[in-house]
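Okay, here's what each chain looks like letter by letter:
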Amino acid sequence: MDFSLSADQREIQALTREFAQTEIEPHAAGWDREHRFPRELYPKLAALGLMGVCVPEEYGGAGADFLSYILVLEELSRADAGVGATVAVHTSACTLPILVFGTDEQRSRFVPPLARGEVLGAFALTEAEAGSDAGSLRTRAEPDRDGWTITGAKQWITNGAHAGTFLLFARTDPETADARGVTAFVLDAAHVRATREEEKLGLNSSSTVNILIEGAHVGRDRVLHEPKRGFAVAMGTLDGGRIGIAAQAVGIAQAAFDTARAYALERRQFGRRIADFQAVQWKLADMATEIEAARMLVYRAAWLRQEGRPHTGPGAQAKLLASEMARRQTAEAIQILGGYGYTKEFPVERYYRDAKITEIYEGTSEVQRLVIARSLLASAGRTLAAR
Amino acid sequence: MRIAVCVKQVPEGAAKRIDPATRRLDRAGEGALNAYDANAVEEALRLKESAGEGEVVLLTMGPARAADAIRKALAMGADRAILVTDDAAAGSDLLATSIALARALEREQPDLVLFGQQAADSDGAVLWGAVADRLRRPLISQVAELTLADGVVTGKRQSEFGYDVIRAPLPAVVAVSDSINEPRYPSLKGIMGAKKKPQETLTLADLGVESDRAGEAGSRTEVLALSEPPSRGESRRIDGDGAAPEAIIAFLAEKRLV
Numbered sequence: 001m002d003f004s005l006s007a008d009q010r011e012i013q014a015l016t017r018e019f020a021q022t023e024i025e026p027h028a029a030g031w032d033r034e035h036r037f038p039r040e041l042y043p044k045l046a047a048l049g050l051m052g053v054c055v056p057e058e059y060g061g062a063g064a065d066f067l068s069y070i071l072v073l074e075e076l077s078r079a080d081a082g083v084g085a086t087v088a089v090h091t092s093a094c095t096l097p098i099l100v101f102g103t104d105e106q107r108s109r110f111v112p113p114l115a116r117g118e119v120l121g122a123f124a125l126t127e128a129e130a131g132s133d134a135g136s137l138r139t140r141a142e143p144d145r146d147g148w149t150i151t152g153a154k155q156w157i158t159n160g161a162h163a164g165t166f167l168l169f170a171r172t173d174p175e176t177a178d179a180r181g182v183t184a185f186v187l188d189a190a191h192v193r194a195t196r197e198e199e200k201l202g203l204n205s206s207s208t209v210n211i212l213i214e215g216a217h218v219g220r221d222r223v224l225h226e227p228k229r230g231f232a233v234a235m236g237t238l239d240g241g242r243i244g245i246a247a248q249a250v251g252i253a254q255a256a257f258d259t260a261r262a263y264a265l266e267r268r269q270f271g272r273r274i275a276d277f278q279a280v281q282w283k284l285a286d287m288a289t290e291i292e293a294a295r296m297l298v299y300r301a302a303w304l305r306q307e308g309r310p311h312t313g314p315g316a317q318a319k320l321l322a323s324e325m326a327r328r329q330t331a332e333a334i335q336i337l338g339g340y341g342y343t344k345e346f347p348v349e350r351y352y353r354d355a356k357i358t359e360i361y362e363g364t365s366e367v368q369r370l371v372i373a374r375s376l377l378a379s380a381g382r383t384l385a386a387r
Numbered sequence: 388m389r390i391a392v393c394v395k396q397v398p399e400g401a402a403k404r405i406d407p408a409t410r411r412l413d414r415a416g417e418g419a420l421n422a423y424d425a426n427a428v429e430e431a432l433r434l435k436e437s438a439g440e441g442e443v444v445l446l447t448m449g450p451a452r453a454a455d456a457i458r459k460a461l462a463m464g465a466d467r468a469i470l471v472t473d474d475a476a477a478g479s480d481l482l483a484t485s486i487a488l489a490r491a492l493e494r495e496q497p498d499l500v501l502f503g504q505q506a507a508d509s510d511g512a513v514l515w516g517a518v519a520d521r522l523r524r525p526l527i528s529q530v531a532e533l534t535l536a537d538g539v540v541t542g543k544r545q546s547e548f549g550y551d552v553i554r555a556p557l558p559a560v561v562a563v564s565d566s567i568n569e570p571r572y573p574s575l576k577g578i579m580g581a582k583k584k585p586q587e588t589l590t591l592a593d594l595g596v597e598s599d600r601a602g603e604a605g606s607r608t609e610v611l612a613l614s615e616p617p618s619r620g621e622s623r624r625i626d627g628d629g630a631a632p633e634a635i636i637a638f639l640a641e642k643r644l645v
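If you read the protein sequences in the order shown, they are chains V and D.
According to our numbering, the first sequence is numbered sequentially starting from 1.
According to our numbering, the second sequence is numbered sequentially starting from 388.
It is worth saying that the hints were derived from the structure and are not from the lab.
All C-beta atoms in this analysis are idealised placements derived from N, C-alpha and C, irrespective of residue type, glycine included.
Wrong hints could be hidden among the right ones.
Once the Cα atoms are required to be at most 35 Å apart in a straight line, the calculated DSBU-like pairs of lysine-lysine come out as [said to hold, decoys possible]:
1) D:LYS403 to V:LYS283
2) V:LYS44 to V:LYS200
3) V:LYS44 to D:LYS584
4) D:LYS435 to D:LYS642
5) V:LYS44 to D:LYS435
Quick list of simulated restraints, FRET-style, between CB atoms [claimed, not checked]:
6) D:ILE625 to V:GLN269: 38 to 46 Å
7) D:ARG619 to V:MET1: 28 to 36 Å
8) D:ARG452 to V:GLY271: 42 to 50 Å
9) V:GLU226 to D:GLU495: 58 to 66 Å
10) D:ASP413 to V:ARG109: 51 to 59 Å
11) V:VAL100 to D:GLU569: 36 to 44 Å
12) V:GLY271 to D:ASP474: 46 to 54 Å
13) D:SER437 to V:GLN269: 24 to 32 Å
Rough simulated footprint, nothing fancy, chain V against chain D, three-plus residues with beta-carbon under 8 Å [as the list claims (entries may be wrong)]:
14) 452-465
15) 573-587
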């Protein structure tokens, strides 16, 4: 067992940390306050290779491994969780599924512009009536002479107003009401119309919109994987995607810890630094311990994925633990800062608001528990059957 | 055109600790590329890019771990690296270090040798002078703007009262100021490609440096004692409550500074 990062992973982590702390973190409070999507940032991330970290070089990426990508998401989210969300959706939920499920032609056509950061990617699954029960979606695609005509409405689409490529899910079999009638498509910006920008509790530097697909005609070459196998694409995407969100949660919690620790060493009450009080020391000890525990689960899930081993259960465990830890420990950071923590003079209230979403998107904590339980019971079933 | 850049690995972050037993800098922690050297690497890359040809060679002396610092400079875009590492070189002062670096540079015969203005750990800011002297090459230091044309290097040297514009024929040695440029971030492709670039490791014997001219034996400086810097005395804090400007002016007047 070797817990050390490789030289490449360390360098990529150091580069991202330096860039994020210099070019992102100083702006994060302003972007949050103004609810501004920092469009100008993404060409800079692209120039460094951060929009296609784990995409092979032949498809325009940097060719690093999945754990390197996870380290990047952690460091970006430590500076600004909204930026982390934008990059996570772009990569985990759009670029990588096309790479995994696409034909050679689809990979060569769609992946390089995404990996080079020339276009942003989005993932369009959720609808008003189809959240955790994603299989009940109503957006429909009807066959026509040389392809499909797609009509429907999607909501909570991260990057939806800025994306050039959409991974979109629609029902192609009206007779089948569940997930088995769903197909995945690759769409361009021209096929969709962004409507309402969502107002959110946090993650304000990321953009979340509703989109309409109004009779968009697409060719057969835009079906990803096979017709009616869209749900396999969606679930495969979420298997890897939730590891990214878990890394985001760890990054947010780390930022909260950094602020709380620095504050505790500076703030004096009753003639002492508050870090000299055991009450504060114990909070910091718990924070650091839980952050490290979550980080280990996240790195392990990432490692399993890049080794090609089963990672559905471990990824869900990482996300469940990391997201609940982040919500709890960002709250503890506020507590250490006291009244100051509740104000916008310090970033911890933003970390708290940002952390909450990690318990909800890419599968709620309840869905993660469901996934974990299923993987536990399914493997138990197999073990019994094998006997 | 060949440009050599001398770089150093320094302890990461601001934390500098001197080991009271050895009176040497504690290098046990994580190391990083000396930030001032990143300016020299950046300038070398810009000169190469604007010339459209050439080679940027890194040179460092240090423990084997110093290869980590070189990796970052390779990731930024340098072409290859030379690491001088030898147990006998441990504890080398500026004088001893200058001998080893000069010997390595004589092998390479670069048209231009670049240094950062100083190392962030020892803050000597004289190594470039010693190396230039050993090579018998012209030296321009504290250069805030650098141009190369027709075998001549022109440097705009920052001074306390303005700039000196100095010209020197190549080959030459230049120490750049940290205001000369904004070093680029290494890209992920650069990082992934760095390990494939040639890295040569040399011993003192390879360079023909006699053992009595290296390490502690070859050093002519000796640390006699270590002490805490003197306290700066009582400080006074003036809060911005409206009357602050008057209070500051009164303070400066009292000290006869205005």
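Verification of the supplied hints:
1. Proximity of LYS403 (chain D) to LYS283 (chain V) is assessed by CA-CA distance (about 29 Å); at most 35 Å being required, the pair is judged to hold.
2. Of the supplied pair hints, the one linking LYS44 (chain V) and LYS200 (chain V) holds, its CA atoms being roughly 26 Å apart against a limit of 35 Å.
3. As the CA atoms of LYS44 (chain V) and LYS584 (chain D) are separated by approximately 25 Å, the hinted pair is consistent with the 35 Å bound.
4. Under the criterion of a C-alpha separation no larger than 35 Å, the hint pairing LYS435 (chain D) with LYS642 (chain D) is inconsistent with the structure, at around 51 Å.
5. Of the pairs offered as hints, the one joining LYS44 (chain V) and LYS435 (chain D) holds, with about 23 Å between alpha carbons and a cut-off of 35 Å not exceeded.
6. Distance hint for ILE625 (chain D) and GLN269 (chain V): a CB-CB separation of about 24 Å, inconsistent with the stated range 38 to 46 Å.
7. Look at ARG619 (chain D) against MET1 (chain V): about 50 Å separates their beta carbons, and that is not inside 28 to 36 Å.
8. Separation of ARG452 (chain D) from GLY271 (chain V) is about 43 Å and conforms to the stated range, judged on CB atoms against 42 to 50 Å.
9. The hint said 58 to 66 Å for the Cβ distance between GLU226 (chain V) and GLU495 (chain D), and at roughly 59 Å that hint holds.
10. For the pair ASP413 (chain D) and ARG109 (chain V), the supplied restraint of 51 to 59 Å holds, since their beta-carbon distance comes to about 55 Å.
11. Between VAL100 (chain V) and GLU569 (chain D) the CB atoms are about 39 Å apart, so this pair conforms to the stated range of 36 to 44 Å.
12. Roughly 51 Å separates the CB atoms of GLY271 (chain V) and ASP474 (chain D), a value that falls within the hinted 46 to 54 Å.
13. Separated by about 57 Å at the C-beta atoms, SER437 (chain D) and GLN269 (chain V) break the suggested range of 24 to 32 Å.
14. Counting residues of the segment 452-465 of chain D whose CB lies closer than 8 Å to any CB of chain V gives 4, so the stated coverage by that chain holds, three being the minimum.
15. With 8 residues having a Cβ less than 8 Å from any Cβ of chain V, the segment 573-587 of chain D passes the three-residue criterion, so the hint holds.
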